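Undergrad: Taken in order, these protein sequences are the chains called Z and F.
So the first sequence is residues 1 to 372, counted in the numbering used here.
So the second sequence is residues 1 to 314, counted in the numbering used here.
Be a bit skeptical, because a hint or two may be false.
[To be verified] List of simulated lysine to aspartate or glutamate pairs, EDC-like, C-alpha gap at most 16 Å:
# : chain 1 : residue 1 : chain 2 : residue 2
1 : Z       : Lys306    : Z       : Glu290
2 : Z       : Lys243    : F       : Glu161
3 : Z       : Lys365    : F       : Glu161
4 : Z       : Lys99     : Z       : Glu124
5 : F       : Lys87     : Z       : Glu368
6 : Z       : Lys353    : F       : Glu86
7 : Z       : Lys63     : Z       : Glu87
[To be verified] Far from chain Z, some chain F residues (derived; all Cβ distances over 10 Å):
#  : residue
8  : Glu19
9  : Pro41
10 : Leu174
11 : Val290
12 : Gly296
13 : Met300
Hints are computed from structural coordinates only; laboratory data are not their basis.
Quantities reported herein were computed from a predicted structural model and do not represent experimental measurements.
Virtual Cβ for every residue (Gly too), placed ideally from N, Cα, C.
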Amino acid sequence: MMPNEKILSAQIRRRTLLGSMAAVGASAGLSTLGVSKAFAQEPEKPSEIIVRAWGGSWVDSLKAGVSDSFTKMTGIAVRHDLTEDNEIQPKIWAAVAQKRTPPIHINWDTTTNATKSALRGVTEDLSDLPNLKNTTDLAKPVGLDGYPIVNTYGYVYVLAYRPSAFPNGAPKSWKDLLDPKLKGRIALYNDGIGFHFPAQVAGGGKLEDIPANMQPAWDFIAKIKEQQPLLGEDPDFTTWFQKGEIDAACTISTNAREARKNGIELAWVVPEEGAKFDTDGLWIPKGLPENELYWAKQYINHALTKEAQQVWLDGLGLPGVVPGLTPPADLVGDPSYPTTEEDFKHLIRISSKVQVENESQWFAKFKEIMQG
Amino acid sequence: MRHSRVAYPLTWRVMDVFERLAAAVWPSSFQRGLPYLMLLPAVVLVGLLVLGLIQIGDSSLRTLDTSTFMMSENYTLANYQRALSEKFFATVAGRSLMGAVIVTVITLIFAFPYAYLMVRTPSSALRKFLLVALFLPFFIGQVVRAYGWLIILGNQGMVNEALGLVGVPPMRLLYNYPAVLFGLVQYMLPFAVLMLAPALTAIPAELESAASSLGAGWVRTFRHIVLPLARPGLVGAGLVVVTLSLTDFAIPAILGGGSQDFIANAIYDQFFRTSDQGLGATLSLLLVAVGSILVGVVFMLFGAGTLAMGDERK
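Okay, chain F solo, but in the shape it has when bound (with noise of 0.2 Å):
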């Protein structure tokens, strides 16, 4: 007996305690629940959200009464008609639209030799610099970049600066339309290469040399080869910087110099400005559908590339 419980120690025993308490409080036979329950933090969260819209929702079908700001009792789809007829949203939604998928043309461009050069390189040192200079503007807050633009391409800022010294008057370069584009386009460009370098790594490198042994050019390579076999990379790229861009606040408040707003600034306008959730609400959900809709077309023509999993990554 003395001998028996110096050959089981302690700190077994106790493993053994654990474990009948744990067989207890989940049962072998609820082993397949396993998954279900480790996607239950999840389940939670989107069903808040899921609350969330159909609170909003419901502040959608109400109008703002502006003798005693309150939102009516009563149902109504007057807040769907302003937002579908007034021009000044018709404006701003083809203002987003359209600049959602110029920065996501620009950014895929940009990225693609980026994260090509990145994954491909010999140089361990050079892939090391590549990979911090993609990784520090993370730490860098989308609003702090904003103002650092303001100070590069100020009317007294570097850029201005330098061209004065070449006899050039200072030209407004920030305020307008471009400077937007060119502020998303530098804000999702570390997006999409992290986005494009799993596809591109997944690209064996042997089949670019067999192709150029059999006397593909580097043009003919890489329309052939790698193109094709990045597209689940540029897909999932696309996805997010488009989605990313549609619904961006701070990019076109601080470089639009107001007059470039954005479906999202409007919403603020609506929820902070004058008080109207309804309207605020509306344009929200319209956002959101007009969002997923752009998302759907995408998975219909192009599949769902790096977001997709198992056999429906093709």
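Chain Z with its partners taken away, still in its complex shape (with noise of 0.2 Å):
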């Protein structure tokens, strides 16, 4: 049996090179981090910092890629919670106006959403992370003074089907959805984000139209829904591709690429008409304390890293905000991994402004016509 002396000193020795150990890592990744000269009045150290997270391959790829190595450079841990990102939403608007801490420190949200935020004022500036100047025009938000949020990659929504369905081969058109053959077998989002604006150019209209005059969407909509979707979030798109009961959907192309992952049958494609751009970014609402906010920071500065972007990326499969990275093997040349202007040109984006100033409009709209 050990004396106690000696389990003691073992602990000790234990507890000692552990501790060094973590502080060479933190300063090595603090250097990464482009904070090597902040080290020396560096904030207290939270236990951990809480990121609003989707969950799924969403979560494992941002733990993958940015919270398993941010937790190795700074040994703060990283808690995902997986609330909704419209219901986070109005909790950090209570919480803020309440002047309470809010309930998370980095919100990952979808830049529409974000910027509802920032228009509110309850998004922190973001302007001076380091990281920032390697990044490309993608991560600035259009239309809002600073950075109140950072974009971190960009998505597109795809025509997803499943090849067997289509025995002539790919579908070309949105049109193509409305196939009688398809009828109860399609899928688009419940508020049909991602869909009217392909709508818009599939019904005859233009995206220069868009938001006085939208009614060729609408009319295309109400054809669509002559054909019975379904209408989910984007759990259910997977889900129901797995479980046999659609056979195309309007959705992200993440979600398709996941359902692949896990053997179902699919493939995906950009129609002639377009496909719907968008952004996702990180922001940090307003009402931590300060160490904390420091800290937070810290996070999204790691996300703007090459080698974060690079794994967090390869797990969503979607093209990020730092030159040079490399696409995932299965998605080169991949038309929902846009990288060059061509592969831009077919698809469809539209102002963060206009598309928050109407966006309620556009959902009640969309509701109106599928819930009639």
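Relying on the hints, combine the two individually framed chains into one complex.
TA: This is the structure in structure tokens:
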């Protein structure tokens, strides 16, 4: 039996060793984070920071690419809060309005949703993140002063389909969803997000007419309604494809790719009318203690490093905001992973400002058609 | 003196102290206030609800400014105008009301024989089985039960697989209005049985025997004895089922495939999808109003059933 002194001694040595390793790791990590100069004045570390995230492959990718390496470098644990983005929003707004500490440190959010929070004035400015200088224009939110949000990648709402349901070849147009054999076999997001703009083109309208005249979009969506589409959220699409409930869907390519990874026969295209391209980002709510704000900023700064982006976005299969990232092998040349000017010509981008100002009306109109 | 101390043990003395303390804190003249004191927690809870409703009422009179995503400073009836004029809200409200009525009728039809058998069966084993079957669903949440139906009724679910064995191709059993109503009936059935059982227990079995001995058949006995005497239970169960169905969220969301929203789903969308708390608050208040009117009409026509007390229970 080991005497108490020896046990104590062994514990101290082990703790010292771990401490030393953590210090080395932290200093190496912080150097990567671009805060090595500030190391001497580094604020007190919180025991954890909370990052709101989407579940499934989304949070797995974030953990593998950003959170784990952040913890390794700083010693700060990262907890992922899987509350839906729409549901965390009013909680944050209420916390800021009541001058309470917000429930999370970092919100991983759609740029449109995040822009609402920025317009409401509940976001911290992130202009001072050192790694912003290494990013492309995609990282900058359009129509907002400074960086209340940092966009971290782009994504495309593709037309995902089951090849066996299209024996004559891949669908070429969104109008192919009107094929009678697809009645009850297609799916859209339950607020129509991702479908309004291509529907405008498929309905014979022009993108320049958005938002003034979207009647062509509503007419086309009314035709799609006759096809009795299922309406759901991100996880539903993967489930519906897996359970054989649908043959085609307008969904983010990540969901289709996830279903394919799970062994489902699935492919996707950007139809001739184009597909919506949008961005997601990270932002920090106001009201955090100074030290926690500092480390939350370091987390986002770390998410903008090439190394973190490469792993994170390999998992999501999406193009990032740092130049020089290598596309995943299965997405090289894929229209859902745009990298060149030519790729972007087939995609539809509408400014966040127009989306934020009109989204409620578009959602309401889509619901009116689909619930009628 | 010493003898007296032995005869009056320490524990009694402690109790005396407690009694004196209690008398000081709550004199006997306060005894009449005791029932009111016991009501206090409930009053506080209801008071909090009322405060919440006042807050919601305030929000309902403010509109969303989409340039700042803040609620307007001034009051307006614009949200009420929208809620009462837009076709979407009328559609959803109509679907919810119709659904609540259909679910209530079907649930009562199914619950009545179940409750009757449970109360009247001479077999204690059967009664226990029915009770267990009744309470088991309470241990499984509404969402889990709804997902269970997805597994059973899905395109690759058990029902379609069974149909496939006899050559019937897979058919869409989910994501439509009947699926939502089916899910609601299954969810409401235990509530209705629980509300009906006490009313049926209160009907003396001798009355049915007497009717039978006087020549009444089973149908006449049921129609003229059981049904009228079970009315308080039917009204109470109906009220619970209709209000719960009218305000349900999960079943329409999960089994409706996104196209069979009830009012609660529309309220959720306003609060969480479009960030329009004003319109969400308006719809919430209108739902409370519609539900209250519905219950009021039932009270006027049929009484409060088992929900009433004392002499009012007819």
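Undergrad: If a hint holds in the structure, say so; if it does not, say that too.
TA: Each hint, compared with the structure:
For the suggested pair Lys306 of chain Z and Glu290 of chain Z, the alpha carbons sit about 27 Å apart, so the restraint of at most 16 Å is broken. A hinted pair counts as satisfied when its Cα atoms are at most 16 Å apart, and Lys243 of chain Z with Glu161 of chain F qualifies at roughly 13 Å. As the CA atoms of Lys365 of chain Z and Glu161 of chain F are separated by approximately 38 Å, the hinted pair breaks the 16 Å bound. Proposed proximity of Lys99 of chain Z and Glu124 of chain Z is supported: the alpha carbons are some 14 Å apart, at most 16 Å.
With a C-alpha separation of about 7 Å, the suggested pairing of Lys87 of chain F with Glu368 of chain Z holds against the 16 Å cut-off. Taking the CA atoms of Lys353 of chain Z and Glu86 of chain F, the gap is near 26 Å; set against the 16 Å cutoff, the hint is violated. Simply put, Lys63 of chain Z and Glu87 of chain Z have alpha-carbon atoms about 21 Å apart, too far for the 16 Å limit, and the pair is violated. Distance check for Glu19 of chain F against chain Z: the nearest CB is about 46 Å away, which clears 10 Å, and the non-interface claim stands.
The claim that Pro41 of chain F lies off the interface holds: its Cβ sits roughly 26 Å from the closest Cβ of chain Z, which is beyond the 10 Å cut-off. For Leu174 of chain F, the requirement that its beta carbon stay farther than 10 Å from each beta carbon of chain Z is not met, with the minimum near 8 Å. With a closest Cβ-Cβ approach of about 18 Å to chain Z, Val290 of chain F is found to remain outside the 10 Å limit, as its non-interface label requires. Against the 10 Å criterion, Gly296 of chain F stays outside the reach of chain Z, whose nearest CB is about 28 Å from its own CB.
Every Cβ of chain Z is farther than 10 Å from the Cβ of Met300 of chain F; the closest lies at roughly 32 Å, confirming the non-interface assignment.
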